[in-house]
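Chains A and B, in that order, give the protein sequences.
Residues 7 to 259, numbered by the numbering used here, are exactly what the first sequence covers, in order.
Residues 7 to 259, numbered by the numbering used here, are exactly what the second sequence covers, in order.
Simulated from the structure, these hints should not be mistaken for laboratory data.
Wrong hints could be hidden among the right ones.
Intra- or inter-copy, both count: the list cannot distinguish identical chains.
[Stated by the list, open to error] In the DSS-like style, the derived pairs of lysine-lysine whose C-alpha atoms are separated by at most 25 Å in a straight line are:
{"id": "1", "residue 1": "K62", "residue 2": "K28"}
{"id": "2", "residue 1": "K9", "residue 2": "K28"}
{"id": "3", "residue 1": "K86", "residue 2": "K62"}
{"id": "4", "residue 1": "K78", "residue 2": "K62"}
{"id": "5", "residue 1": "K246", "residue 2": "K258"}
{"id": "6", "residue 1": "K258", "residue 2": "K207"}
{"id": "7", "residue 1": "K215", "residue 2": "K78"}
{"id": "8", "residue 1": "K24", "residue 2": "K215"}
{"id": "9", "residue 1": "K198", "residue 2": "K209"}
{"id": "10", "residue 1": "K246", "residue 2": "K227"}
{"id": "11", "residue 1": "K24", "residue 2": "K207"}
{"id": "12", "residue 1": "K209", "residue 2": "K191"}
{"id": "13", "residue 1": "K24", "residue 2": "K198"}
{"id": "14", "residue 1": "K258", "residue 2": "K227"}
{"id": "15", "residue 1": "K246", "residue 2": "K9"}
{"id": "16", "residue 1": "K215", "residue 2": "K191"}
Just so you know, these numbers come straight off a predicted model, no measurement behind them.
Protein chains: 2
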Amino acid sequence: MLKVTVIGSGNVAQHFIKAFSKAGGVSIVQVYARSAESLLHLFPQQLITTDLSGLKEADIYIIAVTDNAITKVSAQLPFKNRLVVHTSGSVSIDALDSNNRRGVFYPLQTFSKNKEVDFNNIPICLESESAEDYELLATLANSISGNIFNITSNQRKALHVAAVFASNFTNHMYALANEICTEHKMPFDILKPLITETAAKVKELSPLKAQTGPAIRHDSKTIEAHLEMLTNDNQRNIYKTLTQSIQAHAEKL
Amino acid sequence: MLKVTVIGSGNVAQHFIKAFSKAGGVSIVQVYARSAESLLHLFPQQLITTDLSGLKEADIYIIAVTDNAITKVSAQLPFKNRLVVHTSGSVSIDALDSNNRRGVFYPLQTFSKNKEVDFNNIPICLESESAEDYELLATLANSISGNIFNITSNQRKALHVAAVFASNFTNHMYALANEICTEHKMPFDILKPLITETAAKVKELSPLKAQTGPAIRHDSKTIEAHLEMLTNDNQRNIYKTLTQSIQAHAEKL
Chain A
7 MLKVTVIGSG NVAQHFIKAF SKAGGVSIVQ VYARSAESLL HLFPQQLITT DLSGLKEADI
67 YIIAVTDNAI TKVSAQLPFK NRLVVHTSGS VSIDALDSNN RRGVFYPLQT FSKNKEVDFN
127 NIPICLESES AEDYELLATL ANSISGNIFN ITSNQRKALH VAAVFASNFT NHMYALANEI
187 CTEHKMPFDI LKPLITETAA KVKELSPLKA QTGPAIRHDS KTIEAHLEML TNDNQRNIYK
247 TLTQSIQAHA EKL
Chain B
7 MLKVTVIGSG NVAQHFIKAF SKAGGVSIVQ VYARSAESLL HLFPQQLITT DLSGLKEADI
67 YIIAVTDNAI TKVSAQLPFK NRLVVHTSGS VSIDALDSNN RRGVFYPLQT FSKNKEVDFN
127 NIPICLESES AEDYELLATL ANSISGNIFN ITSNQRKALH VAAVFASNFT NHMYALANEI
187 CTEHKMPFDI LKPLITETAA KVKELSPLKA QTGPAIRHDS KTIEAHLEML TNDNQRNIYK
247 TLTQSIQAHA EKL
């Protein structure tokens with residue numbers, strides 16, 4: 007039985023607590039939170055500590071706190087030579103205090119507080135300083151996900167940027183589409199099947215091959231009509247910038 | 007039994023031929039194509055005509071050709087006062103010749119030649135000049151889809167722009183994410199669950215509420231690190247433009 011301690015009480019910490027509680031071969035021995043209240047719906051109070059110096063022995067300590075707090079929290083741990091990992095996409099493994107064996111356990115997904123996620127499909131990106139620790143992390147990751155990747159700190163930084171494009175910026179495209187629908191008194195619902203299909207398509211086709219629309223067709227008449235239709239400079243600027251980028255990428259095909 | 011003639015042999019025409027062939031209460035009496043060969047895998051040769059003057063009587067004629075050809079094809083039809091519709095998102099109902107009763111039958115979806123689509127979820131946007139013709143179009147649309155909308159030509163133009171954001175530009179976000187993965191020797195596969203979840207999320211939450219990431223958090227440290235990570239001006243320009251737009255929209259919440 008792999009003994010795990012979760013440090014943190016936010017979104018990511020709570021999703022991990024739920025996932026590990028259900029996982030086979032894993033036991034959460036303790037959770038650290040600044041205040042126990044935020045976790046009482048998930049975890050027994052007697053196993054929650056609000057004092058880092060009260061941490062018990064575990065095989066893996068998972069620091070799931072905000073990026074800026076990782077270094078400070080890792081330096082306050084009251085032990086040495088244990089395996090301590092953080093869960094951040096944008097923080098190097100070196101941000102962890104070198105008193106302990108260091109690693110990264112980064113779930114590549116967008117977590118919302120009120121929406122359940124199925125961990126089984128979530129890629130978990132692992133990094134460690136030794137092959138033995140990698141094995142420990144892989145065992146833990148495999149207990150909740152079938153999708154494990156060995157990713158270095160440098161790769162992970164790039165992956166985090168790629169995820170901003172694939173998720174945050176994609177969601178903003180939905181927001182702009184929603185804005186245009188609202189301006190013309192149409193329900194955003196009308197676009198949802200298209201959004202679903204667009205995401206489904208790149209599971210089978212590369213995004214360059216899946217590209218459709220007036221930009222890739224160099225359909226300048228439609229592009230001009232669209233630019234006239236748009237009601238503000240922000241929409242127009244983004245439309246032009248992305249149309250040019252699509253056309254520049256098409257030339258590489 | 008509603009008698010339908012499909013005019014065209016491209017992507018959209020072929021998807022309609024497949025869908026109407028399976029639909030109850032609808033019979034495709036004839037298909038027009040410039041050359042019959044492109045349709046022989048879908049439709050019996052004796053019901054394909056390559057001559058517009060050979061078109062037989064039908065309740066609805068569906069012109070599914072490229073946008074630029076709609077006006078010309080509709081003017082060449084050898085009859086009057088019949089219901090003729092086009093299938094384009096960006097062309098006005100007025101582009102059709104006024105010798106016939108005019109309408110629009112626009113399926114809001116991204117069609118690929120080699121990927122089957124389930125018409126049942128595809129929104130079909132209808133427009134007509136009379137209530138009677140609207141009923142005919144609604145009957146036809148309901149035979150293949152559960153998702154019918156009454157949309158004017160002006161709304162449809164705006165909807166087409168919104169669809170460019172929701173689909174074409176979204177797909178380009180995937181392409182840029184793929185580019186970043188490739189540059190750092192990571193498989194694009196690692197991002198696919200995130201892409202699926204991001205699309206699923208806006209079925210339940212509005213895109214403005216679903217927004218996550220460094221831009222909406224005003225996390226300037228991460229934004230700076232990301233800009234340094236990016237390898238070309240196009241990526242950096244898009245990253246900056248969309249980050250600013252996300253922050254400007256957050257202020258409206």
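Each hint, compared with the structure:
1. K62 with K28: within (21 Å within a copy, 65 Å between copies)
2. K9 with K28: Within one copy only: 14 Å inside a chain, 57 Å across chains, cut-off 25 Å.
3. K86 with K62: within (13 Å within a copy, 86 Å between copies)
4. K78 with K62: Within one copy only: 19 Å inside, 79 Å across.
5. K246 with K258: Answer is both: 19 Å inside a copy and 23 Å across each meet the 25 Å cutoff.
6. K258 with K207: This pair counts as within: shortest intra-copy Cα distance 21 Å, inter-copy 32 Å.
7. K215 with K78: So K215 and K78 fail the 25 Å test inside a copy (46 Å) and across (31 Å) alike.
8. K24 with K215: between (39 Å within a copy, 24 Å between copies)
9. K198 with K209: Both, since 18 Å and 7 Å are each at most 25 Å.
10. K246 with K227: within (14 Å within a copy, 28 Å between copies)
11. K24 with K207: between (31 Å within a copy, 20 Å between copies)
12. K209 with K191: between (33 Å within a copy, 19 Å between copies)
13. K24 with K198: between (30 Å within a copy, 23 Å between copies)
14. K258 with K227: Within one copy, since 24 Å is at most 25 Å while 33 Å is not.
15. K246 with K9: neither (53 Å within a copy, 43 Å between copies)
16. K215 with K191: between (33 Å within a copy, 20 Å between copies)
Violated hints for the displayed structure, listed by number in ascending order: 7 and 15.
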